[in-house]
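Undergrad: The primary structure of each chain is shown beneath.
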Amino acid sequence: GAVVSQHPSRVICKSGTSVKIECRSLDFQATTMFWYRQFPKKSLMLMATSNEGSKATYEQGVEKDKFLINHASLTLSTLTVTSAHPEDSSFYICSAHNRRTSSYEQYFGPGTRLTVT
Amino acid sequence: AQTVTQSQPEMSVQEAETVTLSCTYDTSENNYYLFWYKQPPSRQMILVIRQEAYKQQNATENRFSVNFQKAAKSFSLKISDSQLGDTAMYFCAFMKIQGAQKLVFGQGTRLTINP
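If you're matching them up, the sequences are chains W and U in order.
Going by this note's numbering, the first sequence opens with residue 1498, and the numbers climb by one from there.
Going by this note's numbering, the second sequence opens with residue 67, and the numbers climb by one from there.
Calculated from the structure, these hints are not laboratory results.
Every value quoted in this text rests on a predicted model; they were computed, and no experiment measured them.
Backbone N, C-alpha and C fix where the C-beta goes; we use that ideal spot for every residue, glycine too.
Check before you lean on any hint, since a few could be wrong.
[Stated by the list, open to error] Think about it this way: if two alpha-carbon atoms lie no more than 30 Å apart in a straight line, the pair counts; the simulated DSS-like pairs of lysine-lysine are:
hint, chain 1, residue 1, chain 2, residue 2
1, W, K1552, U, K136
2, W, K1561, U, K136
3, U, K168, W, K1563
4, W, K1563, W, K1539
5, W, K1561, W, K1511
6, U, K168, W, K1552
7, W, K1538, U, K144
[To be verified] Chain U is faced by these chain W residues, among others (derived, beta-carbon under 8 Å):
hint, residue
8, L1523
9, F1531
10, L1543
11, T1554
12, G1558
13, I1590
Using the sequences provided together with the hints, build the complete structure.
TA: Structure representation (structure tokens):
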């Protein structure tokens, strides 16, 4: 299957700082990327959907000014957690999808563990 | 809005046994996809099997098969000849065909295969 990478795999940051997480589709063009958050032993919660070249669509309850999403190219989307707080500590997962070639398949990245101290 | 329910938080079976994981969903859509994903301790999400709602035949992938009951909105996963490597969290997921094609996940079932 297609490969999606995330960087970094783990990050620790101090309260009040911002941290950027990258999601890359390595061998296909991702017209759409999705960002999820997963708490320990819980399911994946969709945060936002980003389409290449347009603004992200955020799910209800997700602060767009806190979780900035950019999808500037067909292979890269970034999630920036601004003014991070300890409650933002979580596991963040991205997935990528090409609507032009696949009717359903989403390819998941390996995830990024964020710890805010 | 669509919802997906997995009523078994945890399950445990012996190696080589067969195990069935339950999933029900609620939707007013007629065409959609259903998936089972596996998340091992590495936390990498892995697609196990998918089912198109317009297909009556149940999907099968080697030791994994589903029992899709559209009228009952039920989508269970059967794992035959279970192996130690099947130990993982299993998530049932729903996707509309039209629109944003977002995945809606169930709560997950933690499956442990014992030697």
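Undergrad: Decide, hint by hint, whether the structure agrees.
TA: Here is how each hint holds up against the structure:
no.	hint	verdict
1	W/K1552 with U/K136	35 Å, violated
2	W/K1561 with U/K136	37 Å, violated
3	U/K168 with W/K1563	21 Å, holds
4	W/K1563 with W/K1539	22 Å, holds
5	W/K1561 with W/K1511	21 Å, holds
6	U/K168 with W/K1552	16 Å, holds
7	W/K1538 with U/K144	22 Å, holds
8	L1523	14 Å, violated
9	F1531	7 Å, holds
10	L1543	6 Å, holds
11	T1554	7 Å, holds
12	G1558	13 Å, violated
13	I1590	7 Å, holds
Figure legend: structure checked against the earlier numbered hints; hints not met, in rising order: 1, 2, 8, 12.
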